[in-house]
Every structure is written in C-alpha cells, then in structure tokens.
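**Q** Chain by chain, the residues run as shown.
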Amino acid sequence: MPEAVLPAETAAVPARSEATWLRIWREFAESRGAVVALGGVILVILAALLAPLLAPQDPYDLRQLDILSNLLPPGSKSAAGYTHWLGTDDQGRDMFSGILYGLRISLGVGVMSGVIALLVGMTIGLFAAYAGGRVESFIMRVVDVQLSFPAVLVALILLAVLGRGAEKIVLALVIVQWAYYARTVRASALVELNKEYVAAARCLAFGPGRILFRHILPNCLPPLLVVGTIQTAHAIALEATLSFVGVGMPLTEPSLGRLIANGYQYMLSGKYWISVFPGIALLIAIASINLVGDQLRDILNPRLRR
Amino acid sequence: MTVFIIRRLMQSVVVLFAMSAIVFFGVYVVGNPVEILIAPDADEAERARAMKALGLDRPVWAQYLAFVENALGVDLGKSFVFGISAIELILQRMPATFELVIVSFVIAIGLGIPLGMYAGYKPNSAGAKTIMAGSILGFSLPTFWVGLMLILTFAVSATEWQTWLGVPPALQFQLPAGGRGPEGSVLGVQSSLFTWSGLGHLFLPALNLALFKLALVIRLTRAGMRETMLLDYVKYARAKGLSMRRVVLVHVLKNIMIPIVTVLGLELGSQIAFAVVTETVFAWPGMGKLIIDSIDKLDRPVIVAYLLVIVVLFIIINLVVDVLYSILDPRVRLAAKA
Chain A
1 MPEAVLPAET AAVPARSEAT WLRIWREFAE SRGAVVALGG VILVILAALL APLLAPQDPY
61 DLRQLDILSN LLPPGSKSAA GYTHWLGTDD QGRDMFSGIL YGLRISLGVG VMSGVIALLV
121 GMTIGLFAAY AGGRVESFIM RVVDVQLSFP AVLVALILLA VLGRGAEKIV LALVIVQWAY
181 YARTVRASAL VELNKEYVAA ARCLAFGPGR ILFRHILPNC LPPLLVVGTI QTAHAIALEA
241 TLSFVGVGMP LTEPSLGRLI ANGYQYMLSG KYWISVFPGI ALLIAIASIN LVGDQLRDIL
301 NPRLRR
Chain B
307 MTVFIIRRLM QSVVVLFAMS AIVFFGVYVV GNPVEILIAP DADEAERARA MKALGLDRPV
367 WAQYLAFVEN ALGVDLGKSF VFGISAIELI LQRMPATFEL VIVSFVIAIG LGIPLGMYAG
427 YKPNSAGAKT IMAGSILGFS LPTFWVGLML ILTFAVSATE WQTWLGVPPA LQFQLPAGGR
487 GPEGSVLGVQ SSLFTWSGLG HLFLPALNLA LFKLALVIRL TRAGMRETML LDYVKYARAK
547 GLSMRRVVLV HVLKNIMIPI VTVLGLELGS QIAFAVVTET VFAWPGMGKL IIDSIDKLDR
607 PVIVAYLLVI VVLFIIINLV VDVLYSILDP RVRLAAKA
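Protein sequence lines correspond, in order, to chains A and B.
For the first sequence, the residue numbers in our numbering are 1 to 306.
For the second sequence, the residue numbers in our numbering are 307 to 644.
Derived from the structure by calculation, the hints contain no laboratory data.
From a predicted model like this one, the values you see are computed outputs, not experimental measurements.
Cβ atoms here follow ideal geometry from the backbone N, Cα and C, with glycine treated the same way.
Check the hints yourself; a few may be wrong.
What the hints assert, rightly or not - So the derived label-pair ranges between C-beta atoms look like this: (1) V321(B) to G39(A): 55 to 61 Å; (2) L371(B) to L50(A): 33 to 39 Å; (3) D144(A) to S503(B): 53 to 59 Å; (4) V321(B) to R202(A): 55 to 61 Å; (5) R202(A) to G416(B): 52 to 58 Å.
Stated by the list, open to error - Here chain B is said to cover these stretches of chain A; the calculated rule only asks that three of the stretch's residues, wherever they fall, bring their Cβ under 8 Å from a Cβ of chain B: (6) 124–133; (7) 189–197; (8) 240–248; (9) 263–269; (10) 285–291.
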C-alpha cells in the first residue's frame, strides 16, 4: 500500500515539479556570483556551439591561413580585411577563431567524458549498493584503489599507452573519473534502499532493474548532479593539462591546452597573446562551471537547508 | 600495531605486483620502440642486432619474467635513450623533485594554517572572505596556467612593470623562468637549496606547485577551526582564565592538526605526481620531466620504472601516515592498545 505509506509525497508529485524548479532557481539566485557564473557557462557553451558562425576564419582550413601574417600582436589588420583582435599564432592563425574552435574541442571532450563517466559510474554504483556483500566490497575496494592514485598520473600513463586523439582522451578521462560517480551513487543508494517505498516496490514484485532505475535513481540525482558539474570542470582542466604536456590532443585539432602549449615557447620572447588569451578562455570556462557546481551543492544539500 | 603494519605491508606487495603486471603489459603492448630508436635506413641485420641488444626479440611474457626477476634485484632494465639503468636515472632525478615538493609543502603549510585559522576565527570579516575567494581560485585554476602567468609576471616582464611602478633599476628583481640552480653542499647533503641562485630558481616552481595545496590547507584549517571553537573544552579553557591567544594557538591548534596531517600526508604522493606538470612548465630537471620526455620517446623501461617507484612511494607514504595518525590522536592509540 504505497499510498498509505507515503501520502504526502504521492499527492504532491503532480503539483510539485514547477514549484520545486522555481524554489531551486530562487535559492540559486541568492548568490550573485553564482548567477554571473551561470551566465559565464551559457556564454561559453554558446561560443563553442556557434564557433563556425562567430569566427572570422576557419583555423583548420589551411588555405585561409597566411603564414606571412604570423605572430601579429592583438589589434593588427589581417590581409583579408578583418582585425585580429587577439593577434595571430606562429602559423598565422587568428587567435580569436582558434580559441572558439579550441573551446569547442575542450568542452566537447569534457562534457562527453563527464556524461559517459556518469553513466558508467552510476550503473556500477547502483549495482554495488543493490548487490551488497562481497560484490559490493570488491567494487568499492577497486574504487578506493583507483581514487588513491592522482588523476593526472593515471591519465598520463593511460595516454602514454593509448596514444593521441580525442576518443582516447575521453576514454582516459572516463577511466579516471567513473569512481567518483560510483562512490557518490552508492552512498545515496544505500540510504534509499532502506526506505519504505523500496520495500513497497519489492512487495509489488518489481524487478531489480525497475526498482534501481525508476525508483532509487531519481532520488540519487541531486548529489550526482553536483558531482557531475564539478567533475566536468575537472575533466576540462585535466584535458588542458594533458594537452599542455603533450600527450593530449594532436596538433591538428588544437584544444585550449594545446594552444597554450603552442604559445609557451613564444611567451619567453614577450609574445604573450598566444598563450594568455586561450588561458583566459579556459579559466572562464572552468571557474564558472565550478562556481555553479558549488552553489548547486549548497542548495541541494539537505543538511544546509533552512 | 605490529600486526596492523604487517597486514598493510602484505596488501601493498599484492598491489605492487598487480600494478607492475598492468603497467608492463600496457606499456609493452603499444608501439614499437625499434621504429623510434633505430634509424629508418638501417638494414635488416642492423635491426635484428639492435632488437637483440634491447631484448625486444623475445616474447612479451619472457620479457616480463626477466623484468620481475630483475626488479627483485632492483634492476628495472636500461633506458633505451640514455643507455644507463632506468632506476639509476630516476634516482638521479629524484632529489630535484623532492626539493620542489618539500619546499612547496613548507609554503602551503606555512601560509595555509595561519590564513585558515584567521578565516575560521573571524569568518565574517572582509579578510576571511578574501582568503576564501582566493582559495576557490587556487582550486579551479589549472596548475600549468598559473605557472605560465608566474613566469610572465616575474620573469619575462618583471622589469617592465617595476619600471612602470617607479622602482629604481638597482632594486628591481627578475626571477629565472626555468631550470634548476647550482647545487651547494651542507653537511654532505647536495641541494640547490643551499645557494642563492638555486633558491631563486626554486621559488616560482615551488610556489606554483604549492597553490593547490595552499587552498586545501586553508579550507581544512578553517573548517576545523570553526568546528573546534564551539566545543566545550574551549569554553572551559576560557572560563579557567586562559587568554584567547593561548587557547587558539595551543589547545585548538593541536586538535585541528590531526585532520590536516592526515590529508597532507596522503597528498604528499599526489604532490609528487602533480610535479610532472610544474616540472614541464619550468623545465625543472626532476622525475616528472623525465617521465614526460620518456613518454614522448616511448622509452619503456623508464616509464615502467617511474611507475613502480611512484607506487612504492605511495605505499610507504600511506603507511607512515597511518602510523603518524595513531601517534597524533590519542583516541586511535588507546583503541589500538585495548
């Protein structure tokens, strides 16, 4: 008799959802910094999605690159008539265009690996919580060992083994990050498993798959959302770091990290713009995602709820 | 306690063997170093001779067995590139990395604990809010980018902004952009810490490496401070007439040190790993720079040896932290005795 057990919740479901979103937004907007950061996230996503429309030049089209206009400082006029607001790099590539396309790659890799790691980690975590016993303790031991090694190192070694390329970075980032999701989901699933609605669902002879994904999972989503946001920011930073040390994206598809690495050698001779501007773009992306994640954690954390 | 340590050691041996197998097969299945190391115009006979010399003509499992056998005698093979023992190569580079890691820890602790205590003691002051905002930056800025900015500010354009600020040329400073300074010797210990030029070279990379841990120490100290200040023994000490200064600096500090020591101990290992990035940015000739160069050249013995050295370091560090923890926290020590 689920209705008898949970009268308030069952009754509130249809009316609740709109009011909940409104409440979440109001609590989120209490911090002005978080709202600005959300604006930053939207801006970065739009810039990445609309890169081909916004960029004056296609940085991958070698015919558009003019080697004679390489290393121009910010504000120089290009041969084609537009202004290089952020200068050009050693190949004569417009930095503004390079950054927009680089942002596309960085965000793409970060979000892709975040989503896959979330799905993998979530499934494993739910399974561990449901299975219990030896299976659970084995999985959690693997998680512990995995998390005791620093992510940079593990990813570095994986890429040394796998080689370069976007799909290999995604794979390495998923291997590095799934454990965070598994741990988070297992912790909240264990709490949920003891609740009465799960017992009710079991009495109705629902299968484990249905109980786990239809009933328990929705209640584990808030912490998962927070971890997902922050881990995506980590994934972007990690990809940039790996590309910077030279094991990440290949030169033909420069992500922000690769652009920064590329400008590093010129920075010592005072040509700062090749490294600094992609760095600022990277910074805006990472810092705003982190701030949004922080605020989400604060409003979704029941312990801090007033 | 002894049983505990022995059990931990046995677990560690298992982890070590598993890691060595994973690493060895992973690294040796990919790529063919022959193609990188032997000139492309070499003829078949030359290739065969080189492969024999490097031991690459044998099957992978035989190579692994030879590797395990040698590893037990602390011989992890010769570097393809340098031609000397891989483990020796790593041990040569290790002091430079340790120097960097230790100085960065000193910076993180020396600045982080006072700042964190202040932020926890007066949580609503403007100073505390600035410190906390700064610590968020420390968490979210990628290390390599901060390193670049440090180089840009203090090495590349140091003279420009100081002239702009009106600092007379005699007082202006400029730090080196990379590399390690000359070594000095004190009491038989060789280190670049003992020369002025060495310290100058060390400052920027150590600061760079310290920033992430600094943010962490600030947050931990602040959280511990805020929790501890509410406890009864603090009120009791105040009621007994001790000065606030003494309560905070002696009684509270001792208690908040426990979680800080634990976390920092565990972070020591990750700091050695993070040094990879900082060493690359600052061209610091440590283990991290070595592993990046080795990955670039597919110098497999060095990669495998580096990983095993790191795993051993991690195991030792974790063990030491566990033991230290029980010494610092009387509750753990007494529970172990009972």
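**Q** For each hint, tell me whether it holds in the structure or not.
**A** Evaluation of the provided hints:
One distance hint, 55 to 61 Å for the beta-carbon pair V321(B) and G39(A), is violated here, with the actual separation near 46 Å. At about 57 Å, the beta-carbon gap between L371(B) and L50(A) misses the expected band of 33 to 39 Å. Against the hinted window of 53 to 59 Å, the Cβ-Cβ separation of D144(A) and S503(B) comes to about 44 Å, which falls outside the hint. About 38 Å separates the C-beta atoms of V321(B) and R202(A), a value inconsistent with the hinted range of 55 to 61 Å.
Evaluation of the 52 to 58 Å hint for R202(A) and G416(B) yields a pass: the beta carbon distance comes to about 56 Å. Check result for the region 124–133 of chain A against chain B: violated, 0 residues qualifying (beta carbon to beta carbon below 8 Å, three or more required). Residue count for the region 189–197 of chain A with a Cβ under 8 Å from a Cβ of chain B: 0. That is fewer than the three needed, and the coverage hint is violated. Here's how the region 240–248 of chain A fares: 6 of its residues keep a CB closer than 8 Å to some CB of chain B, so the rule of at least three is met and the hint holds.
For the region 263–269 of chain A, the stated coverage by chain B holds: 3 residues have a C-beta nearer than 8 Å to a C-beta of that chain, and at least 3 were required. Proximity of the region 285–291 of chain A to chain B, defined as three or more residues with a beta carbon under 8 Å from a beta carbon of that chain, is established by the 4 residues found.
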